[in-house]
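**Student:** Residue numbers (the numbering used here), protein chains in the order written: chain A, 1 to 196; chain B, 1 to 120.
Derived by calculation from the structure, the hints in this document are not laboratory data. In this text the structure is predicted, and so the values were computed from the model without any measurement. Worth double-checking, as some hints may not be accurate.
As the list claims (entries may be wrong) - Which stretches of chain B does chain A cover? Using the computed rule of at least three CB atoms under 8 Å from a CB of chain A, they are:
# : segment
1 : 47-56
2 : 92-104
Said to hold, decoys possible - Counterexamples of contact, computed for chain B against chain A with all Cβ distances above 10 Å:
#  : residue
3  : Met1
4  : Trp2
5  : Ala6
6  : Leu21
7  : Val65
8  : Glu74
9  : Thr75
10 : Ala78
11 : Ala87
From the three backbone atoms N, C-alpha and C, an ideal C-beta is built for every residue, glycine too.
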Amino acid sequence: MASEQQRPPGWTNNPSAWNQRLPIVAVALAGFGIATYLSLFQLEVIAAVWEPFFGNGSRRVLTSSLSTVLPVPDAVLGAFGYLLDAVTGAIGGKDRWRRMPWIVIVFGIAVGPLGFISVLLVIAQPVLFGSFCTLCLASAVISVAIIGPAVDESLASLQHLKRVKQDGVSVWRAFWGLRMAQPQPAFERVSSGAGR
Amino acid sequence: MWARVASIAVGIWLMAAPAVLAYGDPAATNDRIFGPTAAAFAVIAMSQVVRALRWANLPIGAWLVVAPFLIGYETTAAVSSMASGIALAALAAVRGQVSDSFGGGWISLLRANDGNRKSA
Numbered sequence: 001m002a003s004e005q006q007r008p009p010g011w012t013n014n015p016s017a018w019n020q021r022l023p024i025v026a027v028a029l030a031g032f033g034i035a036t037y038l039s040l041f042q043l044e045v046i047a048a049v050w051e052p053f054f055g056n057g058s059r060r061v062l063t064s065s066l067s068t069v070l071p072v073p074d075a076v077l078g079a080f081g082y083l084l085d086a087v088t089g090a091i092g093g094k095d096r097w098r099r100m101p102w103i104v105i106v107f108g109i110a111v112g113p114l115g116f117i118s119v120l121l122v123i124a125q126p127v128l129f130g131s132f133c134t135l136c137l138a139s140a141v142i143s144v145a146i147i148g149p150a151v152d153e154s155l156a157s158l159q160h161l162k163r164v165k166q167d168g169v170s171v172w173r174a175f176w177g178l179r180m181a182q183p184q185p186a187f188e189r190v191s192s193g194a195g196r
Numbered sequence: 001m002w003a004r005v006a007s008i009a010v011g012i013w014l015m016a017a018p019a020v021l022a023y024g025d026p027a028a029t030n031d032r033i034f035g036p037t038a039a040a041f042a043v044i045a046m047s048q049v050v051r052a053l054r055w056a057n058l059p060i061g062a063w064l065v066v067a068p069f070l071i072g073y074e075t076t077a078a079v080s081s082m083a084s085g086i087a088l089a090a091l092a093a094v095r096g097q098v099s100d101s102f103g104g105g106w107i108s109l110l111r112a113n114d115g116n117r118k119s120a
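Could you put the whole structure together from the sequences, leaning on the hints where they help?
**Tutor:** Written out as structure tokens, the structure is:
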């Protein structure tokens, strides 16, 4: 019953259901673990890095000029990105696509660039440094794999905000999930002729 | 689903091919750019809600077919690039199963208004 009500109009599934979101959070936390491990190597807390396939590849990639172009090593930024994915994936209930569009949008924005940058780094490894790094590739796979399962919620929230706008209700209030901003259910709209 | 998996395999092949077939630039760099890119699009397009993104691999495939003529490849690299490109382009056209509905999808956001909502 509850899941019926929490499903967006015209959707087969509720994209904010826990069985849709928990796997994303779990995989993001795995990415956080990998990125944290690589960060520890880049910060010289640990002296060696696990590399089963590409010989000296991980060391060359992780100590490359590109990895130190920013004030913090790139794996630290990756770890932060995964943590942001996990936290923004976990906040809110099963109806957060309409109750908290802001967190859904932040989640979508957090997931997208992390995956994009990961692909760029996968390209940079062999093109600029002539080597691959196993755990960097694993991290990239995770960050790209999260995108598809995550963005359906963004679509549901954007459709919700569009409905709100059509009803002439404040999109700003709806974005922050303020109570008066929910659009009328379709049946009320039809019977009352709302929405002009 | 199989079309996405096959596209990912082609992308991974392009990443490995310069080492496996022992060819150098410009083919190696081109394959190392578009291999991971094609694989990433295929991974994302596994999700039904963004299945349309599979079409991103059509221009990538077309580029891999013509690149040997435009930037000069050795024979093995050219064969690998063209075969991979044809495969990616063909696989992009395979939609696969889309059983779920998403309230009109992304295109619904662009429509001026929603017919159902105005009809009353």
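**Student:** Would you mind marking each hint as holding or not holding in the structure?
**Tutor:** To see whether the hints hold, each was checked on the structure:
Under the rule that three or more residues need a Cβ within less than 8 Å of chain A, the assignment of the segment 47-56 of chain B holds, with 3 such residues. Only residues whose beta carbon comes within less than 8 Å of a beta carbon in chain A count, and the segment 92-104 of chain B has 6; three or more means the coverage holds. With a cut of 10 Å on Cβ distances, B:Met1 stays outside the contact zone with chain A, its closest approach being about 12 Å. Look at B:Trp2: its CB is around 17 Å from the nearest CB on chain A, clear of 10 Å, so calling it non-interface holds up.
At the 10 Å boundary, the C-beta of B:Ala6 stays outside the reach of chain A, the nearest C-beta of that chain being 17 Å off. The claim that B:Leu21 lies off the interface holds: its Cβ sits roughly 14 Å from the closest Cβ of chain A, which is beyond the 10 Å cut-off. B:Val65, annotated as away from the interface, keeps every beta carbon of chain A farther than 10 Å; the closest lies near 20 Å. Listed as outside the interface, B:Glu74 is consistent with that label: its C-beta sits roughly 18 Å from the nearest C-beta of chain A, beyond the 10 Å cut-off.
Chain A leaves B:Thr75 outside its interface by the beta-carbon criterion, the shortest separation being 22 Å against a cut-off of 10 Å. At the 10 Å boundary, the C-beta of B:Ala78 stays outside the reach of chain A, the nearest C-beta of that chain being 20 Å off. No Cβ of chain A approaches the Cβ of B:Ala87 within 10 Å, the least distance being about 20 Å, so the stated non-interface status holds.
When the structure is compared with the earlier hints, no violation turns up for any of them.
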